[in-house]
Every structure is written in structure tokens, then in C-alpha cells.
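Undergrad: These protein sequence lines map, in sequence, to chains A and B. In terms of our numbering, the numbers along the first sequence are unbroken and rise by one, the last being 99. In terms of our numbering, the numbers along the second sequence are unbroken and rise by one, the last being 273.
A few of these clues could be false.
Claimed, not checked - As a list, the in silico SDA-like pairs of lysine to any residue whose alpha-carbon atoms are at most 25 Å apart:
1) A/Lys68 to B/Tyr169
2) A/Lys29 to B/Met164
3) B/Lys218 to A/Gln85
4) A/Lys29 to B/Asn183
5) B/Lys195 to A/Asn37
6) B/Lys210 to A/Tyr(-5)
7) B/Lys195 to A/Tyr(-5)
8) B/Lys210 to A/Ser43
9) B/Lys229 to A/Ser43
10) A/Lys63 to A/Ala5
11) B/Lys216 to A/Gly84
12) B/Lys195 to A/Leu96
13) A/Lys29 to B/Lys218
14) B/Lys195 to A/Asp48
15) A/Lys29 to B/Leu205
16) A/Lys29 to B/Tyr169
17) B/Lys215 to A/Ile(-3)
18) B/Lys195 to A/Glu(-1)
Said to hold, decoys possible - Here are the computed distance ranges between Cβ atoms for each label pair:
19) A/Gln65 to B/Val209: 28 to 34 Å
20) A/Thr97 to B/Gly200: 29 to 35 Å
21) A/Leu24 to B/Ser189: 37 to 43 Å
22) B/Asp177 to A/Lys47: 22 to 28 Å
23) B/Val214 to A/Arg1: 38 to 44 Å
To be clear, the hints were calculated from the coordinates, so they are not data collected in a lab. Just so it is clear, CB atoms sit at the ideal spot from N, CA and C, and this is done for glycine as well.
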Amino acid sequence: EAGVAQSPRYKIIEKRQSVAFWCNPISGHATLYWYQQILGQGPKLLIQFQNNGVVDDSQLPKDRFSAERLKGVDSTLKIQPAKLEDSAVYLCASSRDRGQYEQYFGPGTRLTVT
Amino acid sequence: GQQVMQIPQYQHVQEGEDFTTYCNSSTTLSNIQWYKQRPGGHPVFLIQLVKSGEVKKQKRLTFQFGEAKKNSSLHITATQTTDVGTYFCAGPSSGGTSYGKLTFGQGTILTVHP
């Protein structure tokens, strides 16, 4: 079974530029999550999708972050414009469904904003 | 909001010594999950505990869920260099529409000296 795929693995941009991350979850997984992990901290949920609908985006900075999951499979997360404090690893995870299911994480995208 | 705290933040041990990390939630949890993140890697699911007072073992790892379902622990017997990494506990966030949303602790970083 293929794992969660993410690209790019690394990205360096200047502040005020825009950036997009892509995620392909495990086949058949209905729930997809985007997390932000700042160095030395645990992952913080940004947005949760159930199929192609948003379940929770309460911690997503909506003035600069946006995400979509067209057709309920792949997902993209965009930041526009980026700030220095957005430097972090962005992790995508998927699970079979909502509820008490384990989450499978992708390798993450390490973003550096200069 | 819900808080999940872990102690200690760091633990340095000699190979062969035991290791324990503790997780405490500000609210009662329906379940708790544990993840391991190797240096430079992504979180990998270890186990889920559901029942009050539950104890589960995976080889040298012992996981426990408190009677009040507000705390948990992970104990590693006779650590090996392969145990190096950050161990996170995660509990479901409160809220009806955020079913499946996890709140992660800040993690315990384990270093094992050969």
C-alpha cells in the first residue's frame, strides 16, 4: 500500500511571496488533514477535510492560507502572502474515516521564509 | 481550549536504561494515540488506547491509559539506539463537528547514548 505523498519536500521563498503544497492521501482514505509543525512543537491542525468538504478549519489563518480537496482525493494548501513565522514543516495526513482512526502522515514539506 | 501536556520535554539515557514519558490532558479523553517521529522524519502511529486503565504492550514498549482517562504514559524498557526520536501523545479535540481532530502534545525528545 502506497503511503501519503507530498511535494515539494523543501521550499525556500521570500516573505510576501506565495507557495503551494500538494498532497495525495492513501487510496480510499476519506479524511485528509493538513498540519503545521514548528520546530520543537507537536503538529498543529490547520484544516480537516471529509471527502471534498471542510470539517474543521478553525485554526487556519484564512487571511493568507487556503486549501482545497477537489474530487475528494488530492489536496493543495496555499499560502499567500507568506510571513517569516510561516517557516515550518507542513504535514499532510490521512485516515480511513473520521473518528478514532490512526492517522498516516506524509514526509512533509519544509518551508523556509526569508 | 483543550490542552495536552507532556513531560519531560527532553530525556537523555544510556543505552539499556529505561525511559518513561507522561501525557496529561485538561479534559477527559475518549481515547489517546501515541506517535513516534524520528529525527528528520514524520510522525508514525504507534498505538491507540480506549478503555479506562488499559495497558498495552509492544515488545519493549508499554502504554497505559489512566483510570480517569485524562493521562497516559509510555514506558520503554532497556532502550536501544533505534528508540531515538520524539514521542507524541494525541487526544481527540472536543467539539461535535471536529470528530477525528487530534490535539498533539509538544512531545518528549529521547536521546540514547550508546
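Undergrad: Each hint: holds or not?
TA: Verification of the hints:
1. A/Lys68 to B/Tyr169: Not OK: A/Lys68 and B/Tyr169 at ~30 Å, beyond 25 Å, violated.
2. A/Lys29 to B/Met164: Distance ~14 Å between A/Lys29 and B/Met164 Cα, so the pair holds.
3. B/Lys218 to A/Gln85: Within the cut-off at roughly 24 Å; holds.
4. A/Lys29 to B/Asn183: Satisfied, since the Cα-Cα distance of roughly 17 Å is no more than 25 Å.
5. B/Lys195 to A/Asn37: violated (29 Å)
6. B/Lys210 to A/Tyr(-5): Violated, at roughly 40 Å.
7. B/Lys195 to A/Tyr(-5): holds (22 Å)
8. B/Lys210 to A/Ser43: Violated: B/Lys210 and A/Ser43 sit about 29 Å apart, past 25 Å.
9. B/Lys229 to A/Ser43: holds (24 Å)
10. A/Lys63 to A/Ala5: Judged against 25 Å, a Cα distance of about 4 Å means the pair holds.
11. B/Lys216 to A/Gly84: Holds, because 23 Å separates the two Cα atoms, which is no more than 25 Å.
12. B/Lys195 to A/Leu96: At roughly 22 Å apart (the allowed maximum being 25 Å), A/Leu96 and B/Lys195 satisfy the hint.
13. A/Lys29 to B/Lys218: The given pair, whose Cα atoms are some 30 Å apart, is violated under the 25 Å limit.
14. B/Lys195 to A/Asp48: With Cα atoms ~33 Å apart, B/Lys195 and A/Asp48 exceed 25 Å; violated.
15. A/Lys29 to B/Leu205: With Cα atoms ~19 Å apart, A/Lys29 and B/Leu205 stay inside 25 Å; holds.
16. A/Lys29 to B/Tyr169: holds (20 Å)
17. B/Lys215 to A/Ile(-3): Given pair B/Lys215, A/Ile(-3) is violated - Cα atoms ~42 Å apart, limit 25 Å.
18. B/Lys195 to A/Glu(-1): Roughly 32 Å between the alpha carbons, so the hint for B/Lys195 and A/Glu(-1) is violated.
19. A/Gln65 to B/Val209: 28 to 34 Å: violated (41 Å)
20. A/Thr97 to B/Gly200: 29 to 35 Å: violated (18 Å)
21. A/Leu24 to B/Ser189: 37 to 43 Å: Violated, since A/Leu24 and B/Ser189 (Cβ atoms, about 30 Å apart) do not stay within the stated range.
22. B/Asp177 to A/Lys47: 22 to 28 Å: With a Cβ separation near 46 Å, B/Asp177 and A/Lys47 fall outside 22 to 28 Å, so the hint is violated.
23. B/Val214 to A/Arg1: 38 to 44 Å: violated (52 Å)
The structure fails to meet hints 1, 5, 6, 8, 13, 14, 17, 18, 19, 20, 21, 22 and 23 from the earlier list, while all remaining hints are met.
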